[in-house]
Amino acid sequence: MVKETAWCPGCGNFAILGALQKALAELEIAPQKLVIASGIGQAAKTPHYLPCNFFNGLHGRALPPATAIKAANPELTVIAESGDGDMYGEGGNHFIQTIRRNPDIINIVHNNMVYGLTKGQASPTSQYGMKTPIQVGGVFEEPFNPIVIAVALDAPFVARANAADIEQTKEIIKQAIRHPGYSLIDIFQPCISFNKINTFAWFKEHTYYLDAGYDPRDRQAALAKGLEIDRFPLGVIYRQENRESFNSHHKLTAPLFQSKPDPAKLAALIDSKL
Amino acid sequence: MRGGQEGDFRAPLDHQMKNELSIVICGEAGQGIQTLETVLVKLVKKAGYNVFATKEYMSRVRGGVNSTSLRISARPVDAYVERIDLLFQLGLDLTKHLRRRIGPLTRVLTEIGNNMTAVGVVAGILGLDRSVVEEFVSQYFQAKGPEVIGNNLAALRKGYEERLDLGIKIVTDPLVKEQIMVNGAEAVALGALAGGCNFIAAYPMTPSTGIFTFLAQQAAAFGLVAEQAEDEIAAINMALGAWYAGARAIVPTSGGGFALMVEGLSLAGMLETPVVISLGMRPGPATGLPTRTEQGDLNFALYAGHGEFPRIILAPGTLAEAFELSARAFNLADQYQVPVIVLTDQYFVDSYYNTGRFAPAKVAAAPAIVKTEADYRRYQLTKDGISPRGIPGYGDGLVGVDSDEHDEAGHITEDLTDVRPRMVEKRVKKLAALQKAAISPTLIGRRDYKTLVVCWGSTRNAVAEALGALKKRDVACLHFSQVYPLHRKSAEYLKKAKKLISVENNATGQFAALVKRETGFEFDRQVNKYDGLPFSVEELVEALNG
Numbered sequence: 001m002v003k004e005t006a007w008c009p010g011c012g013n014f015a016i017l018g019a020l021q022k023a024l025a026e027l028e029i030a031p032q033k034l035v036i037a038s039g040i041g042q043a044a045k046t047p048h049y050l051p052c053n054f055f056n057g058l059h060g061r062a063l064p065p066a067t068a069i070k071a072a073n074p075e076l077t078v079i080a081e082s083g084d085g086d087m088y089g090e091g092g093n094h095f096i097q098t099i100r101r102n103p104d105i106i107n108i109v110h111n112n113m114v115y116g117l118t119k120g121q122a123s124p125t126s127q128y129g130m131k132t133p134i135q136v137g138g139v140f141e142e143p144f145n146p147i148v149i150a151v152a153l154d155a156p157f158v159a160r161a162n163a164a165d166i167e168q169t170k171e172i173i174k175q176a177i178r179h180p181g182y183s184l185i186d187i188f189q190p191c192i193s194f195n196k197i198n199t200f201a202w203f204k205e206h207t208y209y210l211d212a213g214y215d216p217r218d219r220q221a222a223l224a225k226g227l228e229i230d231r232f233p234l235g236v237i238y239r240q241e242n243r244e245s246f247n248s249h250h251k252l253t254a255p256l257f258q259s260k261p262d263p264a265k266l267a268a269l270i271d272s273k274l
Numbered sequence: 275m276r277g278g279q280e281g282d283f284r285a286p287l288d289h290q291m292k293n294e295l296s297i298v299i300c301g302e303a304g305q306g307i308q309t310l311e312t313v314l315v316k317l318v319k320k321a322g323y324n325v326f327a328t329k330e331y332m333s334r335v336r337g338g339v340n341s342t343s344l345r346i347s348a349r350p351v352d353a354y355v356e357r358i359d360l361l362f363q364l365g366l367d368l369t370k371h372l373r374r375r376i377g378p379l380t381r382v383l384t385e386i387g388n389n390m391t392a393v394g395v396v397a398g399i400l401g402l403d404r405s406v407v408e409e410f411v412s413q414y415f416q417a418k419g420p421e422v423i424g425n426n427l428a429a430l431r432k433g434y435e436e437r438l439d440l441g442i443k444i445v446t447d448p449l450v451k452e453q454i455m456v457n458g459a460e461a462v463a464l465g466a467l468a469g470g471c472n473f474i475a476a477y478p479m480t481p482s483t484g485i486f487t488f489l490a491q492q493a494a495a496f497g498l499v500a501e502q503a504e505d506e507i508a509a510i511n512m513a514l515g516a517w518y519a520g521a522r523a524i525v526p527t528s529g530g531g532f533a534l535m536v537e538g539l540s541l542a543g544m545l546e547t548p549v550v551i552s553l554g555m556r557p558g559p560a561t562g563l564p565t566r567t568e569q570g571d572l573n574f575a576l577y578a579g580h581g582e583f584p585r586i587i588l589a590p591g592t593l594a595e596a597f598e599l600s601a602r603a604f605n606l607a608d609q610y611q612v613p614v615i616v617l618t619d620q621y622f623v624d625s626y627y628n629t630g631r632f633a634p635a636k637v638a639a640a641p642a643i644v645k646t647e648a649d650y651r652r653y654q655l656t657k658d659g660i661s662p663r664g665i666p667g668y669g670d671g672l673v674g675v676d677s678d679e680h681d682e683a684g685h686i687t688e689d690l691t692d693v694r695p696r697m698v699e700k701r702v703k704k705l706a707a708l709q710k711a712a713i714s715p716t717l718i719g720r721r722d723y724k725t726l727v728v729c730w731g732s733t734r735n736a737v738a739e740a741l742g743a744l745k746k747r748d749v750a751c752l753h754f755s756q757v758y759p760l761h762r763k764s765a766e767y768l769k770k771a772k773k774l775i776s777v778e779n780n781a782t783g784q785f786a787a788l789v790k791r792e793t794g795f796e797f798d799r800q801v802n803k804y805d806g807l808p809f810s811v812e813e814l815v816e817a818l819n820g
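Note that the protein sequences, when read in sequence, are chains A and B. Under the numbering used here, read the first sequence as residues 1 to 274, first letter to last. Under the numbering used here, read the second sequence as residues 275 to 820, first letter to last.
Just chain A, same shape as in the assembly:
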């Protein structure tokens, strides 16, 4: 791992990294049994800053390798982690199709509603009216709503956290790791350099915690919660255990690198062409 990060002092990424490390430590997941797949962007650099195996691939493409890594070795804990531009923009179709495919992976999205590494352009989650050097007249597109999309696709675990609350973020990550199938954790996080609107204070003002009586197994209620955009609810919005996962569908239980080809079977298949 690398000690010096490429993040700005005060960046919300530090809080997410801290919450992730605490969750992994509390669940006693050995770095050797953990793979973090990421794309490109500041959030995607996360795996360089904690001890783990990592596949830091292409922009928008963390989910397909994460799916395959989990399939190739079901004994690994696999996290796909990147920012909102990476997961919801460049990788938007993989986001949708991965939820449909339902691999047993955890998808952590650092959502700061802006492009940081390319210095301040709009992201898919940027709010209406945000002015940037490109969106000079302000963002006019409907902000991408990952929560509603994930619930609509019946994702097994859908949560939203606020990076400022490290304790709750950690707890949600732990629940997601333990939950079978695909888990989405969309984490609000301020970009202190390029987003002067959605600050720590803004996120505090525009979020609230789901109360103890909320039932995340109620899909209709989850959709309604996802549609609340004046004040965003925080916590586990939806969870279910009804769907077959990618691994169980393909009956993948042992690592593929341990599988031995069966010469007799292949010889018989060849002979079937006689």
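To be clear, the hints were calculated from the coordinates, so they are not data collected in a lab. Even for Gly, the Cβ is constructed at its ideal location relative to N, Cα and C. Some hints here could point you the wrong way.
Stated by the list, open to error - The calculated label-pair distances, taken between Cβ atoms and stated as ranges, are: (1) B:Thr369 to A:Asp262: 40 to 48 Å; (2) B:Ala533 to A:Asp262: 32 to 40 Å; (3) A:Pro263 to B:Ser405: 32 to 40 Å; (4) B:Asp748 to A:Ala264: 43 to 51 Å; (5) B:Pro559 to A:Thr199: 45 to 53 Å; (6) A:Lys260 to B:Asp748: 50 to 58 Å; (7) A:Lys251 to B:Arg334: 32 to 40 Å; (8) B:Thr487 to A:His206: 46 to 54 Å; (9) B:Asp658 to A:His206: 53 to 61 Å; (10) A:Cys8 to B:Glu582: 28 to 36 Å; (11) A:Thr199 to B:Ala533: 36 to 44 Å; (12) B:Gln308 to A:Ala25: 57 to 65 Å; (13) A:Asn242 to B:Ala495: 25 to 33 Å; (14) B:Glu452 to A:Asp262: 22 to 30 Å.
Given chain A, work out where chain B should sit, using these hints.
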């Protein structure tokens, strides 16, 4: 160069052969040509005849005109001929490219009714044992019930009783019974299994869907993961993730899909993660002719991907080579940690013939994975540029790979004075090892040649057969089944020739240009074909005689 105008190849069509029958079945999509092809090929092969079959079809589900060409012969046949002895026309229409193949000696049968009548006619011509044929057809339709069997047997008998005499007498070949009958797609897929393939991610695209289908159907039996990806970008990124985690993955595709994979190919180069890409070519640009054939994507395979990184490109010319190279692709990718592209084309994957039983033991999987130590570094600098490849979860070390320039541990770096140059050199110098391991081209014909015909990939068999019919006897063929990097001794073959001719199923002579770049030798003549159809033996005879 030849664009394939109508009426080009009249002359050779007049020569009817006595020990061989060339049959074409044509009709609309949905008329059951595929069933007819399957039944005839199996039946005739079972009876001990050499068979070659290839098809050309339109990109539609119903209607149009599709055709299957079959050669039934006393001697081994493995290439496409224009000549038609017997044409079964099931539909009302013929395409221009079919019509020009009809010569004065072609017997055209229309309104034959049921497909099995055609099978009966062929069985009658060959003098196949009627009870054996009837048994075969009954077996074939067994699942469909007694009524379907009865109808088909009646149609079969009708054809048999035509007692058509084409003056052809074909003897059987005792070797055929010991041989298998597969097409190019099956040969590639079986090779992949032999090479230890246990993961396939793909998006369906003609002409590579057959490989995907075959492996998907064997997935349960062989314990492999077969997943239809949302697009080719996902497919190659899945394959890279799978290899990274210790699997052996293949991505079959065609030009358009490969175009979407290009960033992933570059990623493979940077991560030094092995990957096998089976690229079945069809005519472009863009959607081009989706169901036709061309060797137009060699340059694309050669140069695809931003940045500098080595790769291997294989191009089998025979079914045996397809099996062997497809298997070896996995070991080569694993050993050298590079992308390996297996180039085929529609003609190649859709063509069948009887061939020797494949021998998997010769090309068995040899995984090159190491168990990691605590201080493991994925990109440890070594003399030949190849670092021991660990995988996550196997050993005490951590395995990090990064699409950014990285240090030995896989972490992002912008150290431009030391790390960047060393890492570039590490990746680039693997090419030297690939050159040493390159597969030698195959010389077909006499060694004291004056004219050398150079070809690659699927054109091999047609060129080889054409050599035997040329006026001049001092012509040989040099076939490349590895087109990049070239084997060191390639130039020696070229040097011996007084005249060099290239044969390529493309318009611009992409391989000829590559050979010139790599060896300095220039071709005296290029024979090119780019109408979407494969070279026939006859047109190669004509072109090479000229």
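Going through the hints against the structure:
At about 45 Å, the CB distance of Thr369 of chain B to Asp262 of chain A agrees with the hint of 40 to 48 Å. Separation of Ala533 of chain B from Asp262 of chain A is about 36 Å and conforms to the stated range, judged on CB atoms against 32 to 40 Å. Checking the proposed 32 to 40 Å range against Pro263 of chain A and Ser405 of chain B shows it holds: the Cβ atoms sit about 38 Å from each other. Roughly 48 Å separates the CB atoms of Asp748 of chain B and Ala264 of chain A, a value that falls within the hinted 43 to 51 Å.
Between Pro559 of chain B and Thr199 of chain A, the C-beta spacing of about 50 Å keeps the proposed range 45 to 53 Å intact. Distance hint check for Lys260 of chain A and Asp748 of chain B: the Cβ-Cβ separation is about 51 Å, which falls inside the suggested range of 50 to 58 Å. The given range of 32 to 40 Å is respected by Lys251 of chain A and Arg334 of chain B, whose C-beta atoms sit roughly 37 Å from each other. Roughly 51 Å separates the CB atoms of Thr487 of chain B and His206 of chain A, a value that falls within the hinted 46 to 54 Å.
Distance hint check: the CB atoms of Asp658 of chain B and His206 of chain A are about 57 Å apart, consistent with the given range 53 to 61 Å. At roughly 33 Å, the beta-carbon separation of Cys8 of chain A and Glu582 of chain B lies within the given 28 to 36 Å, and the hint holds. Checked against the hint of 36 to 44 Å, the C-beta distance between Thr199 of chain A and Ala533 of chain B comes to roughly 42 Å, which is consistent with it. Between Gln308 of chain B and Ala25 of chain A the beta carbon distance is about 60 Å. The supplied range of 57 to 65 Å therefore holds.
Restraint check, Asn242 of chain A to Ala495 of chain B: a C-beta distance of roughly 29 Å satisfies the suggested window 25 to 33 Å. Between Glu452 of chain B and Asp262 of chain A the CB atoms are about 23 Å apart, so this pair conforms to the stated range of 22 to 30 Å.
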